[in-house]
Amino acid sequence: MGGKHYLPLTDQDRNEMLAAIGVKSVEDLFSDIPKEVRLQRELELPPALAESEAIKHLSSLASKNKHFHNCVSFMGAGVYDHFIPSVIKHITGRSEFYTCYTPYQPEISQGVLQAIFEYQTMICQLTGMDVANASMYDGGTAVAEGAVMGCGATRRSKALVSRSVSPFYRAVLKNYFHSRGLELEEIPLRDGCTDTGELEKMLGDDVASVILQQPNFFGLVEEIGGVADMVHNHKAVLVISADPLSLPLLQPPAEYGADIVVGEGQGLGVPASFGGPLLGIMASRSKFVRQLPGRIAGETVDSEGNRGYVLTLQTREQHIRREKAASNICSNEALVALGAAVYMAAMGPQGMREVAEQCLQKAAYTRESITALKGFENAFPGPAFKEFAVTVPGDPAELNRKLLEKDILGGVDLAPFYPELNNVMLFAVTEKRTREEIDTLVRELEGWK
Amino acid sequence: MRKSKALIFEMGRSGRQGYSLPSCDVPEKPVDELLPKKMQRSEPLELPELSEVEIIRHFTELSTRNFGVDTGFYPLGSCTMKYNPKTNEEVAALPGFAFMHPCQPPETTQGALELLYNMEEGLKELTAMDRFTMQPAAGAHGELTGLMVIQAYHRSRGDHKRNKVLIPLSAHGTNPATVSMAGYEVVQVPCDDRGLVDLEALKEAVDDTTAALMLTNPSTLGLFEEEIMPMAKAVHEAGGLLYYDGANLNAIMGYARPGDMGFDVVHLNIHKTLATPHGGGGPGGGPVGVKERLTPYLPVPLVDKKGDEYFFNYDLPDSIGKVHSFYGNFGVAVKAYTYMRMMGAGGLKQASTDAVINANYLMSLLKKTYHVPYDRICKHEFVVSARPEKKKGAGAGDIAKALLDRNFHPPTVYFPLIVEEALMIEPTDTEAKETLDAFAAVMEQISRDIDQDAEKVAHGPYNTVVGRLDEVRAARSPVMRWEKDKG
Ligand SMILES: Cc1ncc(COP(=O)(O)O)c(C=O)c1O
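Residue numbers (the numbering used here), protein chains in the order written: chain A, 1 to 449; chain B, 1 to 487.
These are calculated hints, taken from the structure and not from any lab test.
Warning: the hint list may mix true and false statements.
Unchecked claim - List of simulated lysine-lysine pairs, DSS-like, C-alpha gap at most 27 Å: (1) B:LYS86 / A:LYS89; (2) B:LYS368 / A:LYS24; (3) B:LYS349 / A:LYS35; (4) B:LYS392 / B:LYS456; (5) A:LYS4 / B:LYS86; (6) A:LYS402 / B:LYS306; (7) A:LYS158 / A:LYS324; (8) A:LYS174 / B:LYS164; (9) A:LYS35 / B:LYS124; (10) B:LYS86 / A:LYS24; (11) A:LYS35 / B:LYS484; (12) B:LYS124 / B:LYS306; (13) B:LYS484 / A:LYS287; (14) B:LYS456 / B:LYS484; (15) B:LYS306 / A:LYS56; (16) B:LYS161 / A:LYS56; (17) A:LYS324 / B:LYS161; (18) A:LYS402 / B:LYS305; (19) B:LYS124 / A:LYS64; (20) A:LYS89 / B:LYS5; (21) B:LYS349 / A:LYS4; (22) A:LYS35 / B:LYS203; (23) B:LYS29 / B:LYS5; (24) B:LYS306 / A:LYS64.
Just need the whole structure built from these sequences, with the hints factored in.
So, in structure tokens, the structure goes:
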């Protein structure tokens, strides 16, 4: 039998305990399960592995994968190879943090509660919002819940989402809206950015939320200046999906009129992990706090006046409000948020600014070098933050196969998401890429076709 | 014991840094040339400025103000706070898992796909379901995914009048909340005096507007729904489907399977049953399994195999689409898969056996002092009512605080709602008999303390870093972030 080292009861314990319970056998404890639903055989699973065998098996599976440590990655589209300071895993690896449940008993959960309170504050500092929650599952569900929040706040049932918002997020959003019977329309693109002229035409007094992404899915920094007024004139809510790592450099969404800021926090020191666990960011203006989904840590005092932290405004949540709750979310990505707080503390204002500037400079250098090559062209004009779309002279899959031979994870092919974008690839360049790696990529592209 | 702790914003000093970055080695341009001025941040970002050692000490001190399974006994009902094996943490951190990009071409992800494929095979056998998606990131997310699949199924049959989902009164809060999120109406089904779903009431409630019945079995009272087969029959005959909330699967692994009880859709909480850590509120994992007739509606992509090659299958025209940006919490799936492989069939069944022995044993000890409203064989957990103690002046919440002073994590309190002053106790399979004896002894002592000085118990805890925190005040004038000028 496997897993004996996880199960402390011995046969003698079991016998003594059965006697204390007053039953003869284990069978008696399962006699309430009707015969017709009892499994009449043993489960058929592969034989149990000892620890060393399990490590060998898992290591062998892991060795079949390529990853950021044995390849140079130019993949982005929402998940990036950013630098992760060592301090993070030493903190998230403290088992008082990673083996605890949601902090329902605040007096013995001050560690997690204070760390989440600090995380919430840092997200507010980045976005300019008044309040942030303890996290959503990922960028996609954060976008969906942000849009739903707008419906709750306005008591309307329609959202407009730009086609420059990540297609991964839009897929989740569409599903959340469809099942609820809410209406969703897509705002068309113009030069890879939201067509604000079209948006103006689509806006009406039935629109609850308008969802844009900054920088957008193509890496472009959109000109969002006048959008908020347009949206607010119709008493709709502006939801911005932001990359937190861009915010040390870019105007905080609060300044251009965002009501709700969501986004993917993977860049904040979170391993890519094949796309999960990620970190859904959710922040808003204080007037929407009653519609905010998920956990919120709040400050209070104890009976002697000492400062402490608790989960607060729980009357929004499922365990109190049940079918009237703002959302069904219960478990979220708290430990990932805690790691993100450590990241932001370690990088500080200066480090985060430096990361953002290096992304900007290195992406610009790469973009210029690639588009100088024959057959490679900018898919869209306009300023980019850390990724950009390029039209390439051939099949992106073929190009990526060639790059892989040099241990390069190339760009993401956009055709599956935008049928009109044939042979267009999205390249991401983070602060981790060196000039040498970039020049190697460019040389490989040059030699292709 | 009281010990105050500064916020990170109240520490450090301008000019300190906790990072080290290489200098930029590409030719640089003025930022204004790359990014129009008006799109740039005008006020510098405010964040703490600390050196590495200060950061480590700050968060390390915070960790000492926290209690996890590794600290001590954690009988938090419904949450299955079993031990989180360290091997799982080791392997999930392998670069070949932790540093993979979700958009990598399939020839570079064969190991990850094989793992997901194998894990699905295991979950299918464990639950008697035909296909699984790993996309949902937690139990509640699984519930939503499951209801979306059920909705797609009914809609595909042109059956549009099904707008209600039945749930028993004992259900977890996520169930009714999910029902609303999926655009359905909740119909509450009462429980009978045995604590089980009232079969007659259920039969009366089902009709041709019933989309599904959501059920946790064993229930949140830790009781097996013995009439599951007639319940399933009633729902199916009316054209509805059965949804299994798998939060309590830890009670019955190897003994019974939801798919054999008539359930059409199930979610598992792998951060409970399959021993992955809960991280203070996530990340978790909520894989959803369905019976054959519902597989066309599962989210894209599914993991399939052609010859020796694994691939993501997006060719599912009736799929509901996506519920997560990528494939769910893959890193958590690695841990759960490792656990399943190390336990094997025998180990998983033994885990359920021991979870049930531990719960019944602890109930038999506590029964001597406390009121157990449903006094019968339980599964992995049971519920005590502190109503008599409340009358003396200290209720379930006060007993919980008293446990904090004795280094035990308290049970879940005030849930399920159908028991007054509920203490919901789930010892799990990974606790030794001595621990349960010690816990029972402390519970007895608390009962005596209440008899002697209920007032004192009602004002605990006394040995924690902060005293009882004022939650009412926190909610009345919420402070949800630190602000500079307020200090
Ligand atoms: C019975 C039951 N259902 C559903 C859930 C929700 O699971 P999660 O927190 O993973 O979303 C829980 C978790 O507490 C539960 O106990």
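Evaluated hints:
{"no.": "1", "hint": "B:LYS86 / A:LYS89", "in the structure": "14 Å, holds"}
{"no.": "2", "hint": "B:LYS368 / A:LYS24", "in the structure": "20 Å, holds"}
{"no.": "3", "hint": "B:LYS349 / A:LYS35", "in the structure": "17 Å, holds"}
{"no.": "4", "hint": "B:LYS392 / B:LYS456", "in the structure": "12 Å, holds"}
{"no.": "5", "hint": "A:LYS4 / B:LYS86", "in the structure": "14 Å, holds"}
{"no.": "6", "hint": "A:LYS402 / B:LYS306", "in the structure": "24 Å, holds"}
{"no.": "7", "hint": "A:LYS158 / A:LYS324", "in the structure": "20 Å, holds"}
{"no.": "8", "hint": "A:LYS174 / B:LYS164", "in the structure": "22 Å, holds"}
{"no.": "9", "hint": "A:LYS35 / B:LYS124", "in the structure": "21 Å, holds"}
{"no.": "10", "hint": "B:LYS86 / A:LYS24", "in the structure": "35 Å, violated"}
{"no.": "11", "hint": "A:LYS35 / B:LYS484", "in the structure": "65 Å, violated"}
{"no.": "12", "hint": "B:LYS124 / B:LYS306", "in the structure": "19 Å, holds"}
{"no.": "13", "hint": "B:LYS484 / A:LYS287", "in the structure": "21 Å, holds"}
{"no.": "14", "hint": "B:LYS456 / B:LYS484", "in the structure": "38 Å, violated"}
{"no.": "15", "hint": "B:LYS306 / A:LYS56", "in the structure": "25 Å, holds"}
{"no.": "16", "hint": "B:LYS161 / A:LYS56", "in the structure": "53 Å, violated"}
{"no.": "17", "hint": "A:LYS324 / B:LYS161", "in the structure": "22 Å, holds"}
{"no.": "18", "hint": "A:LYS402 / B:LYS305", "in the structure": "25 Å, holds"}
{"no.": "19", "hint": "B:LYS124 / A:LYS64", "in the structure": "25 Å, holds"}
{"no.": "20", "hint": "A:LYS89 / B:LYS5", "in the structure": "22 Å, holds"}
{"no.": "21", "hint": "B:LYS349 / A:LYS4", "in the structure": "12 Å, holds"}
{"no.": "22", "hint": "A:LYS35 / B:LYS203", "in the structure": "22 Å, holds"}
{"no.": "23", "hint": "B:LYS29 / B:LYS5", "in the structure": "44 Å, violated"}
{"no.": "24", "hint": "B:LYS306 / A:LYS64", "in the structure": "17 Å, holds"}
The structure does not agree with the numbered hints 10, 11, 14, 16, 23 stated previously, though it agrees with the rest.
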